[in-house]
Amino acid sequence: MLEQITLTIDGAQHEVTAGTTGAELFFDDRQVVVMRVDGVLRDLDRPLESGTVVESVAIDSPDGLNVLRHSTAHVMAQAVQALRPDAKLGIGPYITDGFYFDFDVAEPFTPEDLKTLEKMMQKIVNQNQRFVRRVVTEHEARTAMAHEPYKLILLDKSANADEAGEGVNVEVGAGEITIYDNVERKSGDTIWCDLCRGPHLPNTKLISNAFALTRSAAAYWLGSEKNKQLQRIYGTAWPTKDALKAYQERVAEAERRDHRKLGAELDLFSFPDELGSGLPVFHPKGGIIRKAMEDYSRQRHTEAGYDFVYTPHITKGHLYEVSGHLDWYRDGMFPPMHVDAELNEDGTVRKPGQDYYLKPMNCPMHTLIYRSRGRSYRELPLRLFEFGSVYRYEKSGVVHGLTRVRGMTQDDAHIYCTREQMKDELTSTLNFVLGLLKDYGLDDFYLELSTKDPEKYVGSDEVWEESTRTLEEVGQASGLELLPDPGGAAFYGPKISVQAKDALGRTWQMSTIQLDFNTPERFEIEYQGADGTRRRPVMIHRALFGSVERFMGVLTEHYAGAFPAWLAPVQVVGIPVAEAFNDYMFDVVDKLKAQGIRAEVDISSDRFPKKIRTASKEKVPFVLIAGGEDAEAGAVSFRFRDGSQDNGVPVDTAVARIVEAVRTRAR
RNA sequence: GCCUCCAUAGCUCAGUCGGUAGAGCGUUUCACUCGUAAUGAAAAGGUCAUCAGUUCGAUUCUGAUUGGAGGCUCCA
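When we follow the working numbering, the leftmost residue of the first sequence carries the number 14, and every step to the right adds one.
Keep in mind that the hints were calculated from the coordinates and are not lab data.
One should not assume that every hint holds.
[What the hints assert, rightly or not] BS3-like mimics (lysine-lysine), calculated; alpha carbons at most 27 Å apart, straight line:
| id | residue 1 | residue 2 |
| --- | --- | --- |
| 1 | Lys-451 | Lys-632 |
| 2 | Lys-606 | Lys-298 |
| 3 | Lys-469 | Lys-408 |
| 4 | Lys-258 | Lys-136 |
| 5 | Lys-239 | Lys-274 |
| 6 | Lys-630 | Lys-514 |
All chains, please: the whole structure from these sequences, using the hints.
The following block contains the structure:
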């Protein structure tokens, strides 16, 4: 008689025969591709033990997708080794929306290779190979992987795989060493195998035809610059062809929204080669958007009690010796210009001269303003704000559109306050920042708390602890999700950053609020307390846009170039139905201009439908149309960006509506 | 910084197996204009990124430089 065991299956107790596998348990649900046993993902074909809690995992669940993508990565690696028998395997984990696999190959992969590989993968999928798990000893694993040097390195590291580097723990985990064999269904032959922690899909058929290889690129082995670069192939995989298509459409939409593309199409900004990498110029239309952003920011900062200051773009090097930047970030600064040196005729130095640097940060200069005279506790908190232009020597490979530049303008403020004021000041700053971001149209946030990097910090542990705790309390009080970012802090203090999600659900790090106990020390700034003693203020760094340039890039993508009326370069275009109504249209536009609205009349020689098309392509928020019917009624007709209309609106009403939309910053 | 790829008109791209180039859009001009995403015609516009090398001759081949793309590493 067969022994019966008790399992908790998807929440309910069941009695089953001992030795029952997940595959038998869930055989009638083809969506189930893997299972979770006592919280751990397992292959379906593993027998279940009495008393365990078993949950089915569907292919379209987050874990199921990860397994699907990991298995697809195996299929790809099998195809790669068939195409390039000399290819050595690196690691091949799942990632967001897909997977990659690294290979050491003599020649990089070409786009044609990717197409060939996709076809080979489809053949493997159609063969319906089984993924078979095999527990091995370390010796067996080393024998099986004798020709895979990188796998042998992984075995060396298996004891502490979780710390070894990106993706390593997908291959080998602490505990058992396992190999996954790809077994051909008909012959039972093992066609391919890989050292892998699993779990995997039961078979390749489940991958169906909903996968694609997307790109190839180089990547450092184990993610370290010191290691050899391997060739990485990225791919994506989905439960259904429709899901794959939806993903590809999302990628295409992101490409259409790319601010570099829209910036050129809408004539907002450009990156002249003559200026150098990462140095943008803003064209008149981009300038209007930027000015509107800055004007509103100034207005709000004035209301919130900030003082406006201005500082130069260049300074003697000594300032950044005092601040510590030359110690910590010299590589990220433009090299110095050496000036004022004088030489004797024989080439010996008569006057040594000195180094000037472009400024990479505003804080030291603001601190000099603080220090320019004695300060009283009555002045604190002192909030110094500047649209401060900074220059950073970003490595050539990382410069990217407006989001990573070498010259940028920060909406930078430094708040000097007492330790007692610190918490309230942080709280009100965070609220100020969140409120302002919402006004610009971003409203889906979470916070990140970046804490000390043990290899890169100054100041005492005690101070770090206090400031970290304070930031954490403030973050938690905000009610937003607060995620830890260990080691992410700047050398001088911990920070809270606001992460905003855009219209496509992508996350951007926006504002940062940083505590700094270090700069006040280094610059020895003080204030006189009510009791007459000299005390050291605390300094808070905060930027809301981060950089104006980057924020504009993010907003461009968030709005897909269709900026809300208050930011739009051209807010209204008047289109007369025929030339005879030009004057009528001009009268309407003049009324709008009198109210400060950016309005134009399209009097080009284009025909009416072409003018509509032009205005649509320029993403103008309000198109006003006037012809005979409207003119007789003293009205205009609206055409909105979505193509909808509102005809016969009295002119004064139309003007009021537009003015109101701009005033309220309506979307 | 590293790897791979790329650079032809303002934009998107074709082309030249080495003999100085073409389309569409845009621009200009002319004609035509009456209701919601492209009226027609003509013209202008290019040291084929820059600098060297090979060659009778280089936009084309080679190298370097600059700039760009996608990754990796980095991001105060």
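- For which of the previously enumerated hints does the structure constitute a violation, in increasing order of number? 5
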